[in-house]
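K.L.:
Sequences and hints are given; from them, build the entire structure.
Taken in sequence, the protein lines are chains A and B. Adding 8 to a residue's 1-based position in the first sequence gives its number in my numbering. Adding 8 to a residue's 1-based position in the second sequence gives its number in my numbering.
It is worth saying that the hints were derived from the structure and are not from the lab. Because the structure is a prediction, the values reported are computed rather than measured. Some hints could be false.
No copy is singled out in the list; a pair is fine if it fits within one copy or between any two copies.
Said to hold, decoys possible - In silico SDA-like cross-links for lysine to any residue, where the CA-CA straight-line distance does not exceed 20 Å:
#  : residue 1 : residue 2
1  : K46       : K89
2  : K89       : R13
3  : K89       : L12
4  : K46       : V284
5  : K269      : A132
6  : K89       : T50
7  : K124      : K173
8  : K275      : E121
9  : K46       : F240
10 : K89       : T10
11 : K89       : E51
12 : K46       : L90
13 : K255      : T103
14 : K89       : A47
15 : K291      : P139
16 : K89       : E49
17 : K255      : L170
2 protein chains.
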Amino acid sequence: MTELRHLRYFIAVAEELHFGRAAQRLNIAQPGLSQQIKALETELGVPLLMRTRRRVELTAAGQVFLEEGRRALAQVERAEKLARRAASGEIGRLTIGGTEAATWVVLPQLVREFRKRHPNVDLAIREMPSPAQMSALRNAEIDIGFVRPPLGTEGLVVRTVLEEKLGVILPRSHPLARRAEIPIIALRNEPLVVHPARPSGWAEFMSSICRSAGFEPRVAQEASETATAVSFVAAGLGLTIVPVSLKGLVRPGLVYRPVAKPAPTAKLLLVYRSGVVPPTVAKLLEVVRELWPELT
Amino acid sequence: MTELRHLRYFIAVAEELHFGRAAQRLNIAQPGLSQQIKALETELGVPLLMRTRRRVELTAAGQVFLEEGRRALAQVERAEKLARRAASGEIGRLTIGGTEAATWVVLPQLVREFRKRHPNVDLAIREMPSPAQMSALRNAEIDIGFVRPPLGTEGLVVRTVLEEKLGVILPRSHPLARRAEIPIIALRNEPLVVHPARPSGWAEFMSSICRSAGFEPRVAQEASETATAVSFVAAGLGLTIVPVSLKGLVRPGLVYRPVAKPAPTAKLLLVYRSGVVPPTVAKLLEVVRELWPELT
DNA sequence: CCGTGTAAGAAGCGCGAGTTATCATTGTCG
DNA sequence: CGACAATGATAACTCGCGCTTCTTACACGG
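P.N.:
Rendered as structure tokens:
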């Protein structure tokens, strides 16, 4: 069975056209080299070298084998190099999940910086609600998620990235729009637009804010995306609460008003599978740590 | 040092994701396989497999190494295959030298047939006079030559391919043009166009024909190519003798007349280096043998 | 909690890669 | 022309390491 040793030896002989010098270069004795070359020729069933007692030269087959063998050796080295680079996180694949809000605030900077540092990592982003991210993480569909609490954390590592203030999006003509800040309790009898249409952390979170302010929210309309929810607000169906990062969703006729203190905050969490951390994930965590120094 | 064994073993494990089955497939026992894989990982300085006592899976580096390693192994096989094919003459390079006449008669059919049978042989043709071919052969600039006698044959194998009749090319208005055949002796006082401008077997041959007919040729003009010689004939500078294969060189105003019997003939010889016959040369000789059955 | 499956560890063996010593051939030089 | 140098092949040996068998250490399922 052909081994790389055979290739290395043959290439040395083919380059030196001299068994003695080739053996010296390979740090072995000449007879062993002769034996191995002969073994290679027997394996191939083809002479690679013309030995004319005094001079060594390549046969046609030898010339071809030299060229192709060099290529094979280079490919092995390439495999080794790429494996090492993959292990150090320089290349590879990384799929990130993010909520709607995350695609507005953290992901743009994060992706830009990460791409700059690790251009050979194939980066994919999937927008999905927090609960979906949790199962996607466990199924290894995504490697890192940016989610809203609460969440089940077994088997996962969690880290707070942002702690955002909240605000209300409402029509400019709405009475509450005249206030600079809006206390949660003022929403007591207002129709709210939420989006529990698919399992969403934010809908849950909105409800809990209202409940801790002492009232049960009055759900006027359900939407699947916050962007859709804002459309319904624009249509006059009610108000909605958003994290400040989604302030940019306001449209003509709508206004954003921060929630008055004492205001609850919405955390944005980074989660990934515990255990062995793949190098690409480690590289990304490093970038996150620099861009958003640890909270707590 | 990484060996192909390591690649083969790793690929087996990566495909089976099971040391026991992989070992079975490789016809070795499992512990040896574990040892070799570990040696490979140590060599690379990188873990390729995640062993969780119960399950084996690839790390990111392992996935990369699997893919690149497969490619490396394929390249080795490719090298082996190509070397074997080169030895059997299926691929390779072959340079053929030919006189002007050869490019008219033997080479067209020969090249067409050879290309059809051995499309992967890189075939080059170089038109050159016989003496130049002889030295080109010895310098290994060409592998096979088609030449005119006489020649020094030491170190070469010679074989007659064609034995051609001769003819005279002359202006239609020339008195001799009225004859159907022309005896050599009739050229006694005619001005002849020859081409000794560069060492050429044909010029030599023409002179010897005249001498054996009993007269010294009257050289009117020298030319470097037979085609040029014919131009001079067209210009009215004299006559020239050509092998029948170059009959096609006649132009408007010129005619070709065979030399009358008893007519000398011009042999076209095939020559190649004696000793070990490269496979591509052997393949070509085979085609020649079929197209032009041996002349004694 | 034990039986089964699975990989790693320990220890020994045997092949073969590499070693030294020697030969055979051939080109070179006095 | 004979002695010598150069060079690759051959012979015989040895020692490392690749592979073996035997065993251990877990992890999971019933």
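K.L.:
Against this structure, judge whether each hint is valid.
P.N.:
Hints and how they fare:
Taking the shortest alpha-carbon separations for K46 and K89, only the inter-copy value of 18 Å comes in at or below 20 Å, while the best intra-copy value is 31 Å. Within a single copy, K89 and R13 get their C-alpha atoms as close as 19 Å, and across copies as close as 18 Å, so both meet the 20 Å cut-off. For the identical chains of this complex, K89 and L12 are neighbours both inside a copy (17 Å) and across copies (16 Å), given an alpha-carbon limit of 20 Å. For a Cα distance limit of 20 Å, the shortest separation of K46 from V284 across copies, 18 Å, qualifies, whereas the shortest one inside one copy, 47 Å, does not.
Taking the shortest alpha-carbon separations for K269 and A132, neither the intra-copy value of 38 Å nor the inter-copy value of 89 Å comes in at or below 20 Å. For the identical chains of this complex, K89 and T50 are inter-copy neighbours only, at 14 Å across copies versus 32 Å inside a copy, given an alpha-carbon limit of 20 Å. When the C-alpha separation of K124 and K173 is checked against a cutoff of 20 Å, the pair qualifies neither within a copy, at 30 Å, nor between copies, at 79 Å. Proximity of K275 and E121 under a CA criterion of 20 Å is satisfied in neither setting, with 22 Å inside one chain copy and 79 Å between copies.
In this homomeric assembly, K46 and F240 never come within 20 Å of each other (Cα to Cα): the closest approach is 81 Å inside a single copy and 61 Å across copies. In the homo-oligomer, the alpha carbons of K89 and T10 lie at most 20 Å apart only across protomers (12 Å), although the nearest pairing inside one protomer, at 22 Å, exceeds that limit. Taking identical chains as interchangeable, the C-alpha atoms of K89 and E51 lie at most 20 Å apart only when they sit on different chains, with a minimum of 12 Å there against 29 Å within one chain. In this homomeric assembly, K46 and L90 come within 20 Å of each other (Cα to Cα) only across copies, at 18 Å, whereas the closest approach inside a single copy is 33 Å.
With identical chains, the CA atoms of K255 and T103 are never at most 20 Å apart, being 26 Å at best within one copy and 76 Å at best between copies. In this assembly of identical chains, K89 and A47 lie within 20 Å of each other by CA distance solely across copies; the values are 17 Å between and 29 Å within a copy. In this assembly of identical chains, K291 and P139 lie within 20 Å of each other by CA distance neither inside one copy nor across copies; the values are 25 Å within and 71 Å between. In this assembly of identical chains, the alpha carbons of K89 and E49 lie at most 20 Å apart only when taken from different copies (13 Å versus 30 Å within one copy).
Within a single copy, K255 and L170 get their C-alpha atoms as close as 15 Å, which meets the 20 Å cut-off; across copies the closest is 94 Å, which misses it.
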